[in-house]
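S.K.: Starting from the given sequences, assemble the full structure and let the hints guide the process.
245 is the number of the first residue of the sequence shown in my numbering; add one for each residue after it.
Don't read these hints as lab results, they were simulated from the structure. Heads up, the beta-carbon is just placed ideally off N, CA and C, and yes, glycines get one too. Worth double-checking, as some hints may not be accurate.
Only pairs whose alpha carbons sit at most 20 Å apart, straight line, appear in this in silico PhoX-like list of lysine-lysine [claimed, not checked]:
1. Lys256 with Lys272
2. Lys248 with Lys289
3. Lys272 with Lys248
4. Lys265 with Lys248
5. Lys324 with Lys334
Now the in silico label distances, taken between C-beta atoms and shown as ranges [said to hold, decoys possible]:
6. His296 with Gly273: 40 to 46 Å
7. Glu330 with Met245: 50 to 56 Å
8. Lys272 with Lys300: 25 to 31 Å
9. Gln323 with Thr257: 37 to 43 Å
10. Arg282 with Val335: 18 to 24 Å
11. Thr257 with Arg282: 19 to 25 Å
12. Arg288 with Ala267: 14 to 20 Å
13. Ala314 with Arg285: 33 to 39 Å
14. Leu333 with His258: 53 to 59 Å
15. Thr274 with Gln320: 53 to 59 Å
16. Lys272 with Gly299: 49 to 55 Å
17. Met245 with Lys300: 28 to 34 Å
18. Lys300 with Glu321: 45 to 51 Å
19. Lys300 with Thr246: 27 to 33 Å
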Amino acid sequence: MTQKEVIIDYIKTHGSILPAKVAGFIHKGTMLGSESSRRCRELRKEGVLTSHMEGKFEVFTLARVPQLTAVTIIQQESQKMRAVREEKLKVQSLF
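M.R.: So, in structure tokens, the structure goes:
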């Protein structure tokens, strides 16, 4: 496992990570090293993690991924169908 994978798995297990306090901690056979804070910042840049401050420490959690609901999917599909109908009408009006 890479350090990034270990960090993501740790957060999935514990809910968040405080890199300043986990250096040297062993998670599933892999040690979280002193570079954990750097890896967390890289993952935050990639959009995988979010962070907030607790006192003087930065705590990282998994970023929330917006989930599509059935209603939003139906709305998106109806907009597509409406656009197709409008294009058909434009083409028919040319003849």
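S.K.: Would you mind marking each hint as holding or not holding in the structure?
M.R.: Hints and how they fare:
| no. | hint | in the structure |
| --- | --- | --- |
| 1 | Lys256 with Lys272 | holds, 13 Å |
| 2 | Lys248 with Lys289 | holds, 13 Å |
| 3 | Lys272 with Lys248 | holds, 13 Å |
| 4 | Lys265 with Lys248 | holds, 17 Å |
| 5 | Lys324 with Lys334 | holds, 16 Å |
| 6 | His296 with Gly273: 40 to 46 Å | violated, 29 Å |
| 7 | Glu330 with Met245: 50 to 56 Å | holds, 51 Å |
| 8 | Lys272 with Lys300: 25 to 31 Å | holds, 29 Å |
| 9 | Gln323 with Thr257: 37 to 43 Å | holds, 40 Å |
| 10 | Arg282 with Val335: 18 to 24 Å | violated, 56 Å |
| 11 | Thr257 with Arg282: 19 to 25 Å | holds, 21 Å |
| 12 | Arg288 with Ala267: 14 to 20 Å | holds, 18 Å |
| 13 | Ala314 with Arg285: 33 to 39 Å | holds, 36 Å |
| 14 | Leu333 with His258: 53 to 59 Å | holds, 56 Å |
| 15 | Thr274 with Gln320: 53 to 59 Å | violated, 41 Å |
| 16 | Lys272 with Gly299: 49 to 55 Å | violated, 28 Å |
| 17 | Met245 with Lys300: 28 to 34 Å | holds, 29 Å |
| 18 | Lys300 with Glu321: 45 to 51 Å | holds, 49 Å |
| 19 | Lys300 with Thr246: 27 to 33 Å | holds, 28 Å |
In terms of the numbered hints stated before, the structure departs from hints 6, 10, 15, 16, listed from lowest to highest.
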